[in-house]
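Whole structure, please, built from the sequences with the hints as guidance.
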Amino acid sequence: MTLLTPLEGCLALVGLVLGLTHWRRQPLLAVVGIGWFGGLLLMSATPAPFTVLHHRFMAVPLMLAVPALALGLHKVGTWLDQVEGHLSEAQLLVLCGVLTAAQLPGLFFGANPIQLLVDQYRGVGPDTAPAAEDAAQLPEAAGDPLHADLEVMETVPLTALWHTGGSCTMDALLGSPRGVVIDGRLGYVYATGVEPPRIAMLELEDGAVVRIWDDGQLPEPVDAGMAGDGRLLVLDNQREQVFALAEDDSGWEVFTKGTGHYRPRGMHVMPDGSVLVADTGHSRITLFGPDGLFVDEHTAWTGVTDLDQPSDVLVNRTGTWAVSPDLALLLNLGSNLRIGGFPRTTTMAGPHLADLPDGRLVLTDPEMSRLLMLEPDSLRFTQLEPETPLIRPVGVDVLPGDGRVLLAVADAWNCRVSLFAFDSEAPTDG
55 MTLLTPLEGC
65 LALVGLVLGL
75 THWRRQPLLA
85 VVGIGWFGGL
95 LLMSATPAPF
105 TVLHHRFMAV
115 PLMLAVPALA
125 LGLHKVGTWL
135 DQVEGHLSEA
145 QLLVLCGVLT
155 AAQLPGLFFG
165 ANPIQLLVDQ
175 YRGVGPDTAP
185 AAEDAAQLPE
195 AAGDPLHADL
205 EVMETVPLTA
215 LWHTGGSCTM
225 DALLGSPRGV
235 VIDGRLGYVY
245 ATGVEPPRIA
255 MLELEDGAVV
265 RIWDDGQLPE
275 PVDAGMAGDG
285 RLLVLDNQRE
295 QVFALAEDDS
305 GWEVFTKGTG
315 HYRPRGMHVM
325 PDGSVLVADT
335 GHSRITLFGP
345 DGLFVDEHTA
355 WTGVTDLDQP
365 SDVLVNRTGT
375 WAVSPDLALL
385 LNLGSNLRIG
395 GFPRTTTMAG
405 PHLADLPDGR
415 LVLTDPEMSR
425 LLMLEPDSLR
435 FTQLEPETPL
445 IRPVGVDVLP
455 GDGRVLLAVA
465 DAWNCRVSLF
475 AFDSEAPTDG
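In the numbering used here, the protein residues as written are 55 to 484.
Simulated from the structure, these hints should not be mistaken for laboratory data. Hints are supplied without guarantee of correctness; some may be wrong.
What the hints assert, rightly or not - Below, computed lysine to aspartate or glutamate pairings styled on DMTMM-like, alpha-carbon distance capped at 20 Å:
#1 K311 to E351
#2 K311 to E274
#3 K311 to D326
#4 K311 to E301
As the list claims (entries may be wrong) - Pair ranges (Cβ atoms, derived):
#5 D260 to E439: 36 to 42 Å
#6 E257 to R371: 29 to 35 Å
#7 S432 to D268: 40 to 46 Å
#8 S423 to R371: 25 to 31 Å
#9 Q271 to G220: 22 to 28 Å
#10 A214 to V308: 14 to 20 Å
Cβ coordinates follow ideal geometry from the N, Cα and C atoms, glycine included.
Below, the structure written as structure tokens:
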């Protein structure tokens, strides 16, 4: 659900008042009022990406179409007259003011009573954090925001090792793959696809298919990771949780217990086994311990205000990083760094992150069909250039070792998973 701003809420209510008070005397004005109210109401129920102001203008066609539907309300004109007879204009204005005031907390604190009721009904919201003194915590933003822009300084070639998939039919091996993870211990690559929904287990050596999970238990698997105990973890966008493959391989078990997400798109497993989830619909980052219990959260209204619908998150030695595709920003939540210069894209196939032990980040840029590597200390960007062009790279994971880095990429529009390699030495200036 997309929350209306106070101004939009007031406009919607004014439209409703016009419809109620002028249905008999000025039908055309009433139809316009009801149409305006209905259009804004539809916009409030529209999912992502209708959450940023520039996307709200896309709802104008809805507002123009709704008045035609409102013409069918003439049968309830008698009831509307009765309502008008019992409510004075002053009472209607007071009602408008009260309902509009209910929107104000959403402007300043990121939530309002309507959203809270919806969340309570859906079972959304974290449980109380555990009392363990050694539990990991997410950082709060420090100081004023620091701004930087993307500037690619050089290009590094990628060597293609293998490609798997490539067909985008409904019976394809990997239709629209979104997530990918490398299991370096056992020598596998796992990829998640959404059209149709399935999870593929591939050989790290040559990309050969080992196994497919497509029994429908996970209707929209969008990302994957490896738990501290070696089990495969999968984030499902529709079921809105992280699931772990059962130890007896009998199915998928809920891993992230005790909190509700809304259309999460990305996840990251930390070295200690803790799990971060990019809770896209709630514009927050959630942290779970190695046991799957909720530990902490970082929200757009308690920290970095640009944390709008993050598509992925990770933690490394340089901080907690998140990417907001709708605002086209790469964020460091601890230092309050905002890196712009990316094209906007949708959260459904938004940018994803991977990290190297030396602190460098690898970032997919789906809209520009490219892979980027960032050195956080110098804010230097390098473009990783594959021999075979990518169309819309989304998921990414890396495995360093033996003087080179293995890089797995899920190319959503190519319906293909690829494994590349590049020299692991960090580039130097000059």
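Outcome of the hint check:
With a CA separation close to 14 Å, the supplied pair K311 and E351 stays within the 20 Å bound. Distance restraint check for K311 and E274: the Cα-Cα separation of roughly 19 Å lies within the 20 Å cut-off, and the hinted pair is therefore satisfied. With a CA separation close to 18 Å, the supplied pair K311 and D326 stays within the 20 Å bound. About 17 Å separates the Cα atoms of K311 and E301, which keeps this hinted pair within 20 Å; it holds.
Look at D260 against E439: about 23 Å separates their beta carbons, and that is not inside 36 to 42 Å. For E257 paired with R371, a C-beta distance near 31 Å keeps the hint of 29 to 35 Å intact. Against the hinted window of 40 to 46 Å, the Cβ-Cβ separation of S432 and D268 comes to about 44 Å, which satisfies the hint. A hinted range of 25 to 31 Å holds for the C-beta pair S423 and R371, which are about 30 Å apart.
The given range of 22 to 28 Å is respected by Q271 and G220, whose C-beta atoms sit roughly 26 Å from each other. Distance hint check for A214 and V308: the Cβ-Cβ separation is about 37 Å, which falls outside the suggested range of 14 to 20 Å.
Of the numbered hints given earlier, the model fails hints 5, 10; all others are met.
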